[in-house]
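Given the coordinates of chain A, assemble chain B onto it according to the supplied hints.
Chains as they are written, first to last, in the working numbering: chain A, 1 to 678; chain B, 1 to 678.
Calculated from the structure, these hints are not laboratory results. Some hints here could point you the wrong way.
You can't tell identical chains apart in this list, so a pair holds if it fits in one copy or across any two.
Said to hold, decoys possible - Taking lysine to aspartate or glutamate and the EDC-like style, the derived pairs with C-alpha atoms no more than 16 Å apart in a straight line are:
#1 K653 to D538
#2 K15 to D491
#3 K549 to E670
#4 K129 to D49
#5 K673 to D111
#6 K263 to E89
#7 K653 to D328
#8 K409 to D471
#9 K569 to D100
#10 K653 to D331
#11 K32 to D102
#12 K25 to D70
There are 2 protein chains.
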Amino acid sequence: MAVFEKAWLNYRVLKELEGCRNDIKVIFSDVKGKCIDNAINELKLAVTDIIGGDEPGICTCVRIVSELSDGIYLKLYNDDDKELNDGFEPGEEGYAVYYDADNRLTVIAADNDRGILYGVFAFIRNLRKGMLPSDIRLTEKPDITFRMLDHWDNMYGDIERGYSGNSFFYDNYRIIIDDRTEFYARMMASIGINAIAINNVNVHQEETLLITDKYLNEVKRINDIFASYGIKLYLSVNYAAPVEMVELEVSDPLDEGVIEWWKKASAHLYDVIPDFGGYLVKADSEGRPGPFTYGRTHADGANMLARTIAQYGGNVIWRCFVYNCRQDWRDRKTDRARAAYDHFIGLDGEFDDNVVLQIKNGPVDFQPREPVSPLFGGLKKTNMFLEVQIAQEYTGQQRHVCYLVPMWKEILDFNTYASDKGTVKEIVSGEAYGNRLCGIAGVTNTGNDINWTGHDLAGANLYGYGRMCFDTALSAEEIAREWITQEFGTDKFINDTVYDIIGNSWLTYEKYTPPLGVGWMVNPSNHYGPNVDGYEYDRWGTYHFADCKGVGVDRTVATGTGYASQYNKPWSDRYEKPETTPDELLLFFHHMDYDYVLDSGKTIIQHIYDTHFEGVEEVERMIDKWKKLEGKINPVIYERTLDRLNEQLESAKEWRDRINTYFYRKSGTEDKKGRTIY
Amino acid sequence: MAVFEKAWLNYRVLKELEGCRNDIKVIFSDVKGKCIDNAINELKLAVTDIIGGDEPGICTCVRIVSELSDGIYLKLYNDDDKELNDGFEPGEEGYAVYYDADNRLTVIAADNDRGILYGVFAFIRNLRKGMLPSDIRLTEKPDITFRMLDHWDNMYGDIERGYSGNSFFYDNYRIIIDDRTEFYARMMASIGINAIAINNVNVHQEETLLITDKYLNEVKRINDIFASYGIKLYLSVNYAAPVEMVELEVSDPLDEGVIEWWKKASAHLYDVIPDFGGYLVKADSEGRPGPFTYGRTHADGANMLARTIAQYGGNVIWRCFVYNCRQDWRDRKTDRARAAYDHFIGLDGEFDDNVVLQIKNGPVDFQPREPVSPLFGGLKKTNMFLEVQIAQEYTGQQRHVCYLVPMWKEILDFNTYASDKGTVKEIVSGEAYGNRLCGIAGVTNTGNDINWTGHDLAGANLYGYGRMCFDTALSAEEIAREWITQEFGTDKFINDTVYDIIGNSWLTYEKYTPPLGVGWMVNPSNHYGPNVDGYEYDRWGTYHFADCKGVGVDRTVATGTGYASQYNKPWSDRYEKPETTPDELLLFFHHMDYDYVLDSGKTIIQHIYDTHFEGVEEVERMIDKWKKLEGKINPVIYERTLDRLNEQLESAKEWRDRINTYFYRKSGTEDKKGRTIY
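Bound-form chain A, shown alone (with noise of 0.2 Å):
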């Protein structure tokens, strides 16, 4: 038995619930398919653990609806759901819940049991803000068809940029399959996420084998754990399997045997797990073998795998986080931001339809602050994921307090103006070019600690990051204040308190970390803590080019990389002018002195400097209003979470040392308001 804590799912008899106690008695249902039975059991435990009743009766052999009653109906929509429901369809992952006063029954209608799930779902977490069933009517399907999660899981146990513990997935080389993997999918379910990749995209040597028969009869039993739950099972595979499995001495995707290979590969695979998602692929890039190796394009790359699983209806994830990784620091012409939208805006249109492009939110790799990557208003024939990351690679490392769902919403809603719908969100919701296969991934942070994140209240990014993807309407404050209610139950104290800390954390992580855009300055390799010049003389395109001037990266096309007219109008123009390039990006379009004047009316150093101390002085009063929960909540969550928040007011500290001494030195400017400064 592994032992885990149950995140939000820590269901806890409601008081606001007491008047419906006896009023579920059976739980009815005529809907079949492989989620029928966790949502059942789900509407169970609900019915015991949140409204306090009786365990219910399960009726599954619904005959004669009329005389149904006091209990919950499990059914499939019909035309009489639909006229009840002002039309509304649900589609693949939808649901209607109401209430029929006149029977004492919650309806909970869909298309199939995924959307009764969903449904399930949705109701308790209704349940759980003290709603009274009779009171609960919705009518939601998501706004996102593929909510995918990658797990960065190496085979070993460890996880790459993992911080909550070791993978739950594998240990030294074996794959774990038990109760935590049940709880997980369960989880995942209850947020949405309907896809999950379970092995890092860095493919090592013993995780190559995963599509092989050395695990797959494993692999199939997770497939089938997640299938019960809707979730569809994705493998990252290796692009030179063959090679390295010492079968072919090639993996040119247009070699015949390179082909014939991957065919039986696949075949294989489908016929052990014939509901299996398909393949994630990070190919040419930081070391990782691709069809550059061959003279071939990525659309050769991806076409040629995809083309051996679309018969069963698998789909090919195909990453665009393609760069040269070993970049002279002397050379300034090359920029690793333009790499993305070089490498693939050719291929447009040559993707087949069953292949996706994972792009990454921003052009470089997950930093505090980004522009959105040129890619989204670039491409216009081509499948395409929003690629983000929950675990906190460069925003704290869930030993900061750093709710990201602000960011991604910002994401979202950013306009590309490739066309009339041409924000973020339409793009990957399909609405913009009526794709199939588009959806978010994004990098999971979880792991085996028993919190599951590390930082208690990182499960506000998880949890987040699947609602925002089923409902792309839903404010980042909803969400946030959504996941407190279900975390720490209704008190509207414990929910503002804890608002009040995560609400505006991302900024806050900013103040301390880099200024106005210009990103990286942390510690090589773990990327963890100040190092302003860590990255400055090195291989990875990540400079800040700091001199006793001024700082930051000039990407216009008038004297710079160019990479500002990657963009369509008027961003194009706009960033290619430090006036018209909002201030949070100043810095990552253009070289600028210290003494410019922003926006706010304070110069660059002077907002570095104050930035810094005001970074510094908000986690001190994070952890003010922490210690008010002192006594209210789950005392083991209290004190794991002040250790973390202590932690963080050492490192802002460090951080706002660093960067202030660091520019102070450079520049030789005093701080205005003569605060200390070493």
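Leaving out everything else, chain B in the frame of chain A:
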């Protein structure tokens, strides 16, 4: 059978000795002792493999000396020898070598077998210069009593700061004893090493057990091989051994139980290995345990150990490398350079006779340039070892050529003004205060690489270290040229060429690395390659404080940390002022503006630019010179060294560009010569 080359013992028949090929028919000996067999074997090899003669007969039972002829005679030094050699007295380890023309007999005379062994190696060294036996006349004895090597080998097989492969003493927690062990002892004896500590001063879990029966029998086997070459074996011990072995709860040096524990351990150790050398201890430093834990002094700690081995003739070598490695970079008052002096000066006179303090050459840590540690001039009533690092941790890691003997010679010649015998050489030779226990310890640069030292030219440092300790009057050039002859033969062109490359290589290295004595600027942890701010905001007390106006550490009494006052006059006065501080140490002692004019007439900033360009040019010239040796030396060594030289060039360019760019960006000052700075 281990695979290794013979370094400077790669005996080859010399044409120059053709004339005496048949002269040595018998090796006579009337000296007894552990080293005699090895001395005779070495001579046999010399006759066959250097002179090219037939294997000589051996006569070890000399009865009538007047009948000896046509050979070599190893004998106990007596009054006749003294008269023949101008009253020379060989002492413990000296020897006389002279030729008895009447009987065509080379005489090697000494007070004991160890002196004979050194005499044999000295005779051979001269043979290999092409000298005929009849021309060899020597009366030599070592200047330094303890000529020690410290291995930082761990039992896992790795070597801390090892750049020549793994350990040849250990592999995967097993002790290795093979033909390489034997050859190593022979090599070390050939350069006069007489003490070796075979495990890292950072004594980890398993190494703590080296003094126990788990490993003692194998340690004894190494000890006996060493003894047959006149070398004393030492072990680094864990000060907390009784605690780590879970036998006691404290390791307080004044605790009766602790004293008993060590008495018992030492008694048993000397019971198994009666001629064991003693203990080497790193205590209260960089996380190692020590007497501070119990509020005791280092004298308490060292004396306690020393008293457990005094009766067996054992010594305790106690390192002075004690400092706070958790410093706050914001704190500009604390100065790591002060630490060794501050910790130990108050204990002068408190250490037992069989305790010696091992003092690193400089106050910080083996930087390419440091002032000499003020402890040498401070302690008056304490035994002292000078510790140098043959391993090139901060001097190119055996990927760069950096001949270190010139640096060590400067250190030995440094006048501390502690007395009229105030040079470091006079202090560590015992001349100044008449100590029995004093000497030099070198952290070795060896490993299981086929050529022992990784870089072939690093052999000059190992060889040179031993020869310099034995004969401090030899110049760095004499030592270098002697090594070249032993390694590459008697060819003058080769000698000149190799000497041209290595002779000034330390100064070349200094040119392209941290300027004017400021030190560090390396990548953290591995210490290889440039990273100007690598340690600037870290906890190690190693800063340069560069800002837009200047750079350097103020260690004056007037305005800085006061470190300069740790020296005797006139150094304390000279170091107090920039004008009287030698240029090469200027930034070690002072924070100076970039436009300060050096003795050389250049500003600091222009000096930085110039030396960094020059350094790279000098490496380019090294490569040109080396290429002239193609076809003239062993092609394996030629290619191996060329590879490293090419790597050195790339690395030197990286140093040049990073340092120049860093200071250009920081100072905003143009290079007067308009060269490329990025």
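Hints versus structure:
1. K653 to D538: between (26 Å within a copy, 14 Å between copies)
2. K15 to D491: within (11 Å within a copy, 98 Å between copies)
3. K549 to E670: For K549 and E670, both the intra-copy (14 Å) and inter-copy (14 Å) Cα distances are at most 16 Å.
4. K129 to D49: This pair counts as within: shortest intra-copy Cα distance 14 Å, inter-copy 93 Å.
5. K673 to D111: neither (63 Å within a copy, 78 Å between copies)
6. K263 to E89: Classified as neither: same-chain Cα gap 38 Å, cross-chain 87 Å, threshold 16 Å.
7. K653 to D328: between (32 Å within a copy, 12 Å between copies)
8. K409 to D471: within (11 Å within a copy, 75 Å between copies)
9. K569 to D100: So K569 and D100 fail the 16 Å test inside a copy (53 Å) and across (99 Å) alike.
10. K653 to D331: between (33 Å within a copy, 14 Å between copies)
11. K32 to D102: neither (26 Å within a copy, 115 Å between copies)
12. K25 to D70: within (6 Å within a copy, 117 Å between copies)
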